[in-house]
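**Student:** I would like the entire structure built from these sequences, with the hints used as guidance.
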Amino acid sequence: MSHILVTGGAGFIGSNFVRFVLDNTAHSITVLDKLTYAANTASLQGLPASRFALVQGDITDADLVDGLVASHDAVVHYAAESHNDNSLDDPRPFLDSNVIGTYTLLEAARRHGTRFHHISTDEVYGDLELDDPNRFTESTAYNPSSPYSSTKAASDLLVRAWVRSFGIEATISNCSNNYGPYQHVEKFIPRQITNVLTGVRPKLYGAGANVRDWIHAEDHSSAVLSVLEHGSIGETYLIGADGEKNNREVVEMILQQLGQPAGAYDLVTDRVGHDLRYAIDSTKLRTELGWAPRFTDFSEGLASTIAWYRDDPAWWEPQKKAAEARYTAQGR
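Quick note: the sequence shown uses the numbering used here, first residue 1, plus one each step.
Please note that the accuracy of each hint is not assured.
What the hints assert, rightly or not - Capping the alpha-carbon separation at 30 Å, the derived lysine-lysine pairs in DSS-like fashion look like this: (1) K284 to K320; (2) K203 to K187; (3) K321 to K187.
What the hints assert, rightly or not - Have a look at the derived ranges for each label pair, beta carbon to beta carbon: (4) A161 to L267: 16 to 26 Å; (5) Q256 to P313: 13 to 23 Å; (6) A70 to T283: 17 to 27 Å; (7) E138 to A53: 44 to 54 Å; (8) E138 to R111: 36 to 46 Å; (9) P313 to L276: 11 to 21 Å; (10) S232 to L130: 11 to 21 Å; (11) D85 to P313: 21 to 31 Å.
No lab work stands behind these hints, which were simulated from the structure alone. Since we're looking at a predicted model, the values are computed, not measured. Beta carbons are placed, not taken as given, at the ideal position from N, Cα and C, and that holds for glycine.
**Tutor:** Take a look at the structure:
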């Protein structure tokens with residue numbers, strides 16, 4: 001049994017990973033989370049006290065980070081500012097968290113010889129044309145297009161440099177768009193679901209033609225655990241589940257699964273620099289580590305996600321008003 005420090009573990013994909021690990025292994029977990037607006041301690045309720053602890057703190061706090069890293073066998077680094085719209089409004093928090101925070105953790109891992117896994121995004125690669133037959137691979141050149149994706153690209157490069165220059169035992173994974181339970185309602189899929197549930201028409205950027213490669217958060221969690229336990233040090237693994245859908249298709253599926261007309265949505269002004277298409281080739285992960293997703297049918301995974309939001313309004317309702325106020329201020 002090992003002790004894992006999970007940064008950002010009160011956020012969406014972090015909390016899903018924490019739950020997955022505690023449900024499927026004997027590992028114990030400490031979550032380090034700043035508990036900003038995007039975190040929710042309710043996402044961690046009911047976890048076994050004998051194997052789980054929550055520490056509120058900032059990953060840029062070098063003294064706090066050093067003490068925690070020293071007492072754990074591995075670090076899984078989820079903590080990040082991750083919302084593109086917010087990065088366009090104010091880039092500075094993205095630099096602080098995604099760059100300086102990652103640097104702080106890497107230095108602690110270097111001092112203590114701690115295994116380190118870095119969670120990143122496919123957005124570091126930029127975007128693909130809608131009719132491009134290719135997908136992102138581990139050798140695709142970085143071409144980030146927003147303050148968010150550029151700071152994540154910077155954090156990836158820091159990890160690579162610390163492996164080569166200082167010999168830390170680190171791996172990186174770049175994942176496509178996640179969906180599932182415990183995702184903040186500012187994000188695309190839960191925003192549309194909760195809009196419909198509250199009698200508000202969904203909002204779709206531009207013409208809704210932008211394509212994302214969707215993966216259920218449980219599948220992301222199982223892939224990260226596989227890389228942590230079996231991945232080769234210094235390697236990058238792309239995580240994807242062959243879930244390409246354009247945003248219009250996703251909104252229409254949500255409406256139909258909730259018994260509404262497929263066209264009952266509104267078009268709003270497109271995001272500045274909105275990437276056209278993401279697509280992941282996860283061949284390396286599947287062939288080298290034997291990983292495979294459980295949710296291979298997007299409509300099935302979406303239905304389970306809709307059911308979770310429908311059944312758990314107490315989790316998301318406190319967030320909804322503030323999230324929509326931010327969108328209204330941005331004209332979206």
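**Student:** Next step is simple, just say for each hint if it's right about the structure.
**Tutor:** To see whether the hints hold, each was checked on the structure:
Straight-line distance between C-alpha atoms of K284 and K320 comes to about 39 Å, which puts the hinted pair past the 30 Å bound. Only pairs whose Cα atoms come within 30 Å are accepted, and K203 paired with K187 is accepted, the gap being roughly 12 Å. With a C-alpha separation of about 14 Å, the suggested pair K321 and K187 falls inside the 30 Å cut-off, and the hint holds. Evaluation of the 16 to 26 Å hint for A161 and L267 yields a failure: the beta carbon distance comes to about 43 Å.
At about 21 Å, the beta-carbon gap between Q256 and P313 stays in the expected band of 13 to 23 Å. Distance hint check for A70 and T283: the Cβ-Cβ separation is about 37 Å, which falls outside the suggested range of 17 to 27 Å. For E138 paired with A53, a C-beta distance near 34 Å fails the hint of 44 to 54 Å. Evaluation of the 36 to 46 Å hint for E138 and R111 yields a failure: the beta carbon distance comes to about 28 Å.
At about 34 Å, the CB distance of P313 to L276 disagrees with the hint of 11 to 21 Å. Taking 11 to 21 Å as the suggested C-beta distance range, the pair S232 and L130 does not conform, at roughly 34 Å. Distance hint check for D85 and P313: the Cβ-Cβ separation is about 24 Å, which falls inside the suggested range of 21 to 31 Å.
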